[in-house]
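S.K.: Sequence:
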Amino acid sequence: MEPNAGTATTTPGPVYAGCASSYLPRDTWHHLPLEGRHLQRYAGRLNAAEINTSFHRPHQVQTYARWAGAVAHGFRFSLKVWCMFHNTASGAAPGNAVTLSQHLNIAPLTPAAP
Numbered sequence: 152m153e154p155n156a157g158t159a160t161t162t163p164g165p166v167y168a169g170c171a172s173s174y175l176p177r178d179t180w181h182h183l184p185l186e187g188r189h190l191q192r193y194a195g196r197l198n199a200a201e202i203n204t205s206f207h208r209p210h211q212v213q214t215y216a217r218w219a220g221a222v223a224h225g226f227r228f229s230l231k232v233w234c235m236f237h238n239t240a241s242g243a244a245p246g247n248a249v250t251l252s253q254h255l256n257i258a259p260l261t262p263a264a265p
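Quick note on our numbering: the sequence shown kicks off at 152 and runs consecutively.
I should point out that these hints are in silico values taken from the structure, not numbers from a laboratory.
Certain hints may be false.
Derived CB-CB ranges, DEER-like [said to hold, decoys possible]:
1) K231 - N198: 17 to 23 Å
2) H207 - E186: 18 to 24 Å
3) R188 - G225: 17 to 23 Å
Straight line, CA to CA, 25 Å or less: simulated SDA-like cross-link-like pairs of lysine to any residue [said to hold, decoys possible]:
4) K231 - A168
5) K231 - T204
6) K231 - A221
Where a beta carbon is used, it is the ideal one built from N, C-alpha and C, also for glycine.
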């Protein structure tokens, strides 16, 4: 029997839950592991984090590599797109999105193939 049109036939992927880790209220910190730096403690409880600061400027590739090296395999990062690519008040041009990946240097945050 053929599945009905619009019926999902694939298994959904994993759900990643996180927020901007630097904005976790202090009164929630007791839920995090005690050992490690802030990102490591955060990653001990959640499996994703948003990098808010990437909206204002791209980070150096070494910074992304350091963050990726501080968390377990499978942890995911979400970046805010640099305002230069979409905010016309910042001088964005319609073609900027084409070169986005060239400017962000996010390769260290890309998960390695299993």
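S.K.: Each hint: holds or not?
M.R.: Quick rundown of the hints versus the structure:
1. Our hint of 17 to 23 Å for K231 and N198 holds, since their Cβ atoms are close to 19 Å apart.
2. For the pair H207 and E186, the supplied restraint of 18 to 24 Å is violated, since their beta-carbon distance comes to about 31 Å.
3. The hinted range of 17 to 23 Å is satisfied by R188 and G225, whose Cβ atoms lie roughly 19 Å apart.
4. As the CA atoms of K231 and A168 are separated by approximately 16 Å, the hinted pair is consistent with the 25 Å bound.
5. With a C-alpha separation of about 8 Å, the suggested pairing of K231 with T204 holds against the 25 Å cut-off.
6. Distance hint between K231 and A221 is fulfilled; the C-alpha atoms sit about 20 Å from each other, no more than 25 Å.
When held up to the earlier numbered hints, the structure conflicts with hint 2 and nothing else.
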